[in-house]
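J.: If you read the sequences in order, they're chains A and B. Quick note on numbering that gives the first Met the number 0: the first sequence kicks off at 0 and runs consecutively. Quick note on numbering that gives the first Met the number 0: the second sequence kicks off at 0 and runs consecutively.
There could be a bad hint or two in this list.
Said to hold, decoys possible - Distance condition first, Cα-Cα at most 30 Å in a straight line; then the derived BS3-like pairs of lysine-lysine: (1) A:Lys71 with B:Lys471; (2) A:Lys73 with B:Lys471; (3) A:Lys73 with B:Lys50.
As the list claims (entries may be wrong) - Computed footprint of chain A on chain B, listed as stretches where at least three residues anywhere in the stretch have a Cβ under 8 Å from a Cβ of chain A: (4) 114–126; (5) 322–328; (6) 362–373; (7) 387–394; (8) 447–461; (9) 491–497; (10) 590–599.
These are computed hints drawn from the structure, not numbers from a lab. Treat the numbers as computed from the prediction; the structure is a model and nothing was measured. A virtual CB, placed ideally from N, CA and C, is assigned to each residue, including glycine.
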Amino acid sequence: MRVFGLVALLAPLMLAGCSVHNMVLFFPAGPMAATELHYTYLITGIMMIVIVPTLLMSLWFPIKYHISRQHKEKYTPDWTFSYVIEVLAWGIPLGIVAVLAWLSVHGIQAIDPWNPPLLAKAAPNAPVEEVDVIATDWQWVFIYPAEKLVTIDELTVPAGARVDVKLTSTQNMNGFYIPQVAPMVDAMPAMQTKDTFVISQPGDFTGFSTDFSGAGFSWMRFAVHAVTPADFTAWVQSHQGAAPLDYAAFDAHIAPPQVNYGAKPSYFTLTDPKLFGEVITAAQMGKTYPVSQALNKAVADDDAAPTAGAQ
Amino acid sequence: MQVAVEGPWSPLLGRLTLDAIPYNNPIIVPTFIVAALAGLVAVGAVLYYKKLGYIWREWLCSVDHKKIGVMYIILGLVMLFRGYVDGLMMRTQQAIAIGPDSPGFLGAKHGYLPPFHFDQIYSAHGTIMLIFAATPLLTGLGNIIVPLQIGARDMAFPYLNATSLWLTFAGAALVMISLFVGEFSSATWVGLMPYSEMASNPGVGVDYWMWAIQISSIGTTFNSINIIATIVKMRAPGMTWFKLPVFSWVQLTTAIIGLTAFPILTVALTLLGLDRYLGTHFFTAGMGGNFMLYINLFWIWGHPEVYFLVLPAFGVLSEVVPAFSRKALFGYPTMVAASFSIAGIGWMVWAHHFFTMGMGPDQIGFFSAATMIVGIPTGVKAFNWLFTMYRGRISYETPMLWAMISIVLLLIGGLTGMMLSASVIDYSVHDSVFVVAHFHCMVLVIGAAAFAAVIFWWPKVFGFKLNETLGKWFFWTFIAGSVLVFVPMFMAGLAGETRRLDYVFNTALAPYMLWEEAGVLVYLASVGFFVLMLIVSLWQRVPAGESPWGTERGLEWLTRTPVPFYNFAVTPHVNALDETSWRREAGAALRPTRYVPIHLPHGSGLPFILGMDVFAWGFALTWRIDWLIILTTIAMIAIVFIRSFDRNEGFIIPAEEVEAYEANINTASIFAEQPKRGHGLVGEAH
Numbered sequence: 000m001r002v003f004g005l006v007a008l009l010a011p012l013m014l015a016g017c018s019v020h021n022m023v024l025f026f027p028a029g030p031m032a033a034t035e036l037h038y039t040y041l042i043t044g045i046m047m048i049v050i051v052p053t054l055l056m057s058l059w060f061p062i063k064y065h066i067s068r069q070h071k072e073k074y075t076p077d078w079t080f081s082y083v084i085e086v087l088a089w090g091i092p093l094g095i096v097a098v099l100a101w102l103s104v105h106g107i108q109a110i111d112p113w114n115p116p117l118l119a120k121a122a123p124n125a126p127v128e129e130v131d132v133i134a135t136d137w138q139w140v141f142i143y144p145a146e147k148l149v150t151i152d153e154l155t156v157p158a159g160a161r162v163d164v165k166l167t168s169t170q171n172m173n174g175f176y177i178p179q180v181a182p183m184v185d186a187m188p189a190m191q192t193k194d195t196f197v198i199s200q201p202g203d204f205t206g207f208s209t210d211f212s213g214a215g216f217s218w219m220r221f222a223v224h225a226v227t228p229a230d231f232t233a234w235v236q237s238h239q240g241a242a243p244l245d246y247a248a249f250d251a252h253i254a255p256p257q258v259n260y261g262a263k264p265s266y267f268t269l270t271d272p273k274l275f276g277e278v279i280t281a282a283q284m285g286k287t288y289p290v291s292q293a294l295n296k297a298v299a300d301d302d303a304a305p306t307a308g309a310q
Numbered sequence: 000m001q002v003a004v005e006g007p008w009s010p011l012l013g014r015l016t017l018d019a020i021p022y023n024n025p026i027i028v029p030t031f032i033v034a035a036l037a038g039l040v041a042v043g044a045v046l047y048y049k050k051l052g053y054i055w056r057e058w059l060c061s062v063d064h065k066k067i068g069v070m071y072i073i074l075g076l077v078m079l080f081r082g083y084v085d086g087l088m089m090r091t092q093q094a095i096a097i098g099p100d101s102p103g104f105l106g107a108k109h110g111y112l113p114p115f116h117f118d119q120i121y122s123a124h125g126t127i128m129l130i131f132a133a134t135p136l137l138t139g140l141g142n143i144i145v146p147l148q149i150g151a152r153d154m155a156f157p158y159l160n161a162t163s164l165w166l167t168f169a170g171a172a173l174v175m176i177s178l179f180v181g182e183f184s185s186a187t188w189v190g191l192m193p194y195s196e197m198a199s200n201p202g203v204g205v206d207y208w209m210w211a212i213q214i215s216s217i218g219t220t221f222n223s224i225n226i227i228a229t230i231v232k233m234r235a236p237g238m239t240w241f242k243l244p245v246f247s248w249v250q251l252t253t254a255i256i257g258l259t260a261f262p263i264l265t266v267a268l269t270l271l272g273l274d275r276y277l278g279t280h281f282f283t284a285g286m287g288g289n290f291m292l293y294i295n296l297f298w299i300w301g302h303p304e305v306y307f308l309v310l311p312a313f314g315v316l317s318e319v320v321p322a323f324s325r326k327a328l329f330g331y332p333t334m335v336a337a338s339f340s341i342a343g344i345g346w347m348v349w350a351h352h353f354f355t356m357g358m359g360p361d362q363i364g365f366f367s368a369a370t371m372i373v374g375i376p377t378g379v380k381a382f383n384w385l386f387t388m389y390r391g392r393i394s395y396e397t398p399m400l401w402a403m404i405s406i407v408l409l410l411i412g413g414l415t416g417m418m419l420s421a422s423v424i425d426y427s428v429h430d431s432v433f434v435v436a437h438f439h440c441m442v443l444v445i446g447a448a449a450f451a452a453v454i455f456w457w458p459k460v461f462g463f464k465l466n467e468t469l470g471k472w473f474f475w476t477f478i479a480g481s482v483l484v485f486v487p488m489f490m491a492g493l494a495g496e497t498r499r500l501d502y503v504f505n506t507a508l509a510p511y512m513l514w515e516e517a518g519v520l521v522y523l524a525s526v527g528f529f530v531l532m533l534i535v536s537l538w539q540r541v542p543a544g545e546s547p548w549g550t551e552r553g554l555e556w557l558t559r560t561p562v563p564f565y566n567f568a569v570t571p572h573v574n575a576l577d578e579t580s581w582r583r584e585a586g587a588a589l590r591p592t593r594y595v596p597i598h599l600p601h602g603s604g605l606p607f608i609l610g611m612d613v614f615a616w617g618f619a620l621t622w623r624i625d626w627l628i629i630l631t632t633i634a635m636i637a638i639v640f641i642r643s644f645d646r647n648e649g650f651i652i653p654a655e656e657v658e659a660y661e662a663n664i665n666t667a668s669i670f671a672e673q674p675k676r677g678h679g680l681v682g683e684a685h
């Protein structure tokens, strides 16, 4: 049985050797994620002050005071209380928690996704790019109101710009999440939430939905491209003249439940500047896009007929 | 006005049709065959050995707290296995379905489970592990140990106790039958909202989940009432509050949480039921509904529920660590204070489950700080266990191994918990598998403590110990499996893997998934060793004697071993916190010198019948079979009436008979068949 103990100890070492570079959260691509990582190091480090000694005690005491060493070690069967130890047992965690709580409150004030003071300091003169995001069952719709552009499953933003994201959903809750880049914030039907981030350098990332929303959930990813401002303008230009999209077209073709298996992007021209607000209002008025059991069973099922949007 | 449902509906069978039975599913059909064969063998064995009467009289009709506890634990272990198999299937799916080129089997595009099936499996895994495995295991332990630890004859309300058990069984049975008839919820164990509403979930899955939890949580509420009344009113003479053992203290705090938190869940699920059956709009996104209301209500129950589970585990550690350190528990008064602190603060932290749902930074700051405060009393407990070991004489019997690993797991779970409570970190890993790995550390604390408790108190109930060698194999394989599953899971969380994925897009995650698969297979070995341990120990049945471990401390060890059905022959007078070790050291009498008659309640079949009726009621509601709903509701009311007019006041065991039992204690074991006893009270009882 010792063999299993050995396996248990070696496994994490073997894992660590091959895949640290995969742990993308250690490689932030913008000030928001960098702050999150900073606090992760700080808070974990402070916790180590209490965790490491306690862990050592929990391993050392059972060995030191094992019954086989009873002639070498002191034995105090009736020693059950010590004011000194109890004051330390309450006081040390109290002190650590006080520091951590102070840090936590400061951290959340700094990266508050509604209007992060952090970005006001870190990138005060960054141009603002507004993007309205609608999560449907099961795609991501990105509206660029200024550029009059709508994309599906692709978010392209200028590097260095402050991206102000407004989020809602047609029917179910979905988490908007771009590892290395943006804090996780839920997109909720009939409500509006906000997320804000800056991607410092051009690069490609992947965004996900993190809050389960049904059978097509696992395929809800979107490509994130941070490009230079010139490339961004070119990208917007290249999609001028795409098919028009207003609320009626959105309601008829995009909002009904469908899976975009390859997360292939598509593009539209925004002809209805109030589209985002109309989606929220419709949800408040009770608009739903019912998912039938037949559709639930058909998602990612080889036997079933391909669902709308399937590739 | 009932809501219209998708698919056919008939007055006779409701929504139930032949299509609801997955007779063509390549996974469920073999499962059904194995389950049916196992059931037939069990029933056949009972009939062959003519034990039907014994099982009906001595178990199904029993109101004895120890038998009820044993049945709770059997239910918990069976459901633990089912929950494990769900975990095995999830891990295997994620180990196969990685990347767009991954193969598909059994009709799935990737892996071997389409999302429709996979989503039910992880929802069932969470629901089963928390509500139908951990809760019955810990409730069962409390049931067996609390009356013994406080010197009581039984729980305060034995009949209510049996009712709690059979309601929990009814809920578990609903979850199990959903495997073969219809489908289970895909809305996770928390019931995601508005996803659980009819628009996204028109099938019967959410209904199964809702009624199963509803029924069993009413059982848990009853049990909490019972535990509180028992501890407050039925302590033996001399047992002042500060001679109450820590395990009973935490059971009291747990029961207070149970009594105050579970009714909130009952309300939340009732409102969801109104939405799904009568078309109201409490939790829909539109029409004036607000799903955040559900999310708040659920977690106002859900977070105290976490402490409802972990506090009994802490109580077990406070009993096992002193026993195998041969030393009294360190810092008893602060342990009690810490238990109440955890229970109290547990009420003020629920919103940390949804930091990402658009909360303002001031609110988040409050709930973040409040969550961290829970770390203080938890840290105090860890320090006190460690100082119990300090200058003790420690031996590594299996319960102690489980207790020691439980403390280590608590430290890892505590570290990651503090990280997550800082919302600035939570924003990067909320709803990632990092969180999944964190709370599995915490439920492994509970699991490890439950195994420690089952092995530690096993001889008290059964009169023989579990095989230590196989117990250690079970321990080491379980720990190796845990490390292999959860270390990679933490790392995958830091690699940005989100929760609840049927299909993993990112091929860089493949190594983590394969390590986790290896771990879950090592768990399979540990399941094997556990079963082998049970079989070998039951086969050998080496009598454990009156002091199986040689180091027992609490009052529960003052009864004979195996514990007789009447608990203490004579109610003891309590002198010290650790009564048994105090009496041994002081040279005081361990056994009574003269016996007195004992008054005990008769068993009753009504709780079992009520449980079956409530199961039928839940099934009828799930499938919307109107006539059966009405019929079973009437039957429920009738059972309450019949019970109300029951004038049976129990029976008396005369002093001479008690003396005879004590002389040959195996005849008084809870497994020995007792003669039928007449009604009515004769003579004076104590």
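J.: Now tell me, hint by hint, if it's right for this structure.
T.: Taking the hints in turn, this is what the structure says about them:
1. A:Lys71 with B:Lys471: holds, 27 Å
2. A:Lys73 with B:Lys471: holds, 28 Å
3. A:Lys73 with B:Lys50: violated, 55 Å
4. 114–126: holds (count 3)
5. 322–328: n = 5 at 8 Å, threshold three: holds.
6. 362–373: Since 6 is at least three, the answer is holds.
7. 387–394: holds (count 7)
8. 447–461: violated (count 0)
9. 491–497: holds (count 4)
10. 590–599: Check failed, 0 qualifying residues.
The earlier numbered hints that this structure contradicts are 3, 8 and 10.
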